[in-house]
Amino acid sequence: MTSLTEKDKATVRAFWGKVSGKAEDIGMDALSRMLIVYPQTKTYFAHWKDQSPGSASAKKHGITVMSGVADAVTKIDNLKGGLLNLSELHAFTLRVDPANFKIISHNILVVMAIMFPNDFTPEVHVSMDKFLAALALALAEKYR
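No gaps in the numbering here: position 48 of the sequence shown is 41 in our numbering, and each next residue is one more.
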């Protein structure tokens, strides 16, 4: 994996500053998209009464996911250490296959590109992709 440069980190922080006000919408759309495009991910949400796109459960979990992303932005200099508790939760309690971190990351990128086409430049794309990959790797830390 390519590490985040200082320029990448600055780009991520700046872009997050622009899009964070829409984090709930990004989260709901990304999660809804994931459940449709990758239906195997529904197994983790079997307890939801409604798994349809835009459902209350998808919105609630989308907020949770994006709160984690927001937290990661603040811990961008030490993702593995900063997200250790979240890694433990996903590995030992939720037992989420870490491949799903890449899936949700991809969907977050897609939604950000759709929602912010003028701000989602190729440079932002590269930096956000690297950041979300580093975030997924940090979440997978306790699986090793």
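Simulated from the structure, these hints should not be mistaken for lab results. There's no promise every hint is true.
To be verified - FRET-style restraints, in silico, Cβ to Cβ:
id, residue 1, residue 2, range
1, 112, 39, 34 to 44 Å
2, 110, 77, 18 to 28 Å
3, 30, 68, 33 to 43 Å
4, 112, 68, 19 to 29 Å
5, 6, 42, 14 to 24 Å
6, 68, 92, 15 to 25 Å
7, 63, 95, 16 to 26 Å
8, 42, -2, 37 to 47 Å
9, 119, 73, 17 to 27 Å
10, 30, 57, 13 to 23 Å
11, 2, 42, 17 to 27 Å
Unchecked claim - Within a straight-line C-alpha distance of at most 20 Å, the following computed DMTMM-like cross-link-like pairs (lysine to aspartate or glutamate) qualify:
id, residue 1, residue 2
12, 52, 17
13, 95, 81
14, 15, 81
15, 68, -1
16, 95, 64
17, 2, 116
18, 53, 18
19, 123, 64
20, 68, 81
21, 0, 81
22, 15, 90
23, 73, 122
24, 2, 64
25, 11, 81
26, 11, 112
A quick note: this is a predicted structure, and the numbers were derived from the prediction, not measured. Note that the Cβ used here is the ideal one computed from N, Cα and C, for glycine as well.
Tested hints:
Taking 34 to 44 Å as the suggested C-beta distance range, the pair residue 112 and residue 39 conforms, at roughly 36 Å. Taking 18 to 28 Å as the suggested C-beta distance range, the pair residue 110 and residue 77 does not conform, at roughly 35 Å. For the pair residue 30 and residue 68, the supplied restraint of 33 to 43 Å is violated, since their beta-carbon distance comes to about 29 Å. In this structure, residue 112 and residue 68 meet the distance hint of 19 to 29 Å, their C-beta atoms being roughly 23 Å apart.
Our hint of 14 to 24 Å for residue 6 and residue 42 is violated, since their Cβ atoms are close to 38 Å apart. Checking the proposed 15 to 25 Å range against residue 68 and residue 92 shows it holds: the Cβ atoms sit about 23 Å from each other. For the hinted restraint 16 to 26 Å between residue 63 and residue 95, the CB-CB distance of approximately 19 Å keeps it satisfied. At roughly 44 Å, the beta-carbon separation of residue 42 and residue -2 lies within the given 37 to 47 Å, and the hint holds.
Judged by the Cβ atoms, the range 17 to 27 Å given for residue 119 and residue 73 holds: they are separated by roughly 21 Å. Separation of residue 30 from residue 57 is about 20 Å and conforms to the stated range, judged on CB atoms against 13 to 23 Å. A hinted range of 17 to 27 Å for the beta carbons of residue 2 and residue 42 is inconsistent with their spacing of about 40 Å. Using a Cα cut-off of 20 Å, the hinted pair residue 52 and residue 17 holds, with the two alpha carbons roughly 7 Å apart.
Under the criterion of a C-alpha separation no larger than 20 Å, the hint pairing residue 95 with residue 81 is consistent with the structure, at around 17 Å. With a CA separation close to 28 Å, the supplied pair residue 15 and residue 81 exceeds the 20 Å bound. A threshold of 20 Å between alpha carbons decides the hint, and for residue 68 with residue -1 the separation of about 13 Å falls inside it, so the pair holds. A C-alpha spacing of about 18 Å is found between residue 95 and residue 64, which places the hinted pair at or below 20 Å, so the restraint holds.
Distance restraint check for residue 2 and residue 116: the Cα-Cα separation of roughly 12 Å lies within the 20 Å cut-off, and the hinted pair is therefore satisfied. Taking the CA atoms of residue 53 and residue 18, the gap is near 10 Å; set against the 20 Å cutoff, the hint holds. Of the supplied pair hints, the one linking residue 123 and residue 64 holds, its CA atoms being roughly 16 Å apart against a limit of 20 Å. This hinted pair checks out: residue 68 and residue 81 have alpha carbons roughly 17 Å apart, not beyond 20 Å.
The suggested pairing of residue 0 with residue 81 is violated, with an alpha-carbon distance near 30 Å, which exceeds 20 Å. Between the alpha carbons of residue 15 and residue 90 the distance comes to roughly 27 Å, so the proposed pair goes past 20 Å and is violated. Among the hinted pairs, residue 73 with residue 122 is consistent with the structure: their alpha-carbon atoms are about 17 Å apart, no more than 20 Å. With a CA separation close to 14 Å, the supplied pair residue 2 and residue 64 stays within the 20 Å bound.
Our distance criterion of 20 Å between C-alpha atoms is broken by residue 11 and residue 81, whose separation comes to about 30 Å. Proximity of residue 11 to residue 112 is assessed by CA-CA distance (about 8 Å); at most 20 Å being required, the pair is judged to hold.
Hints 2, 3, 5, 11, 14, 21, 22 and 25 from the list above are not met by this structure, while the remaining hints are.
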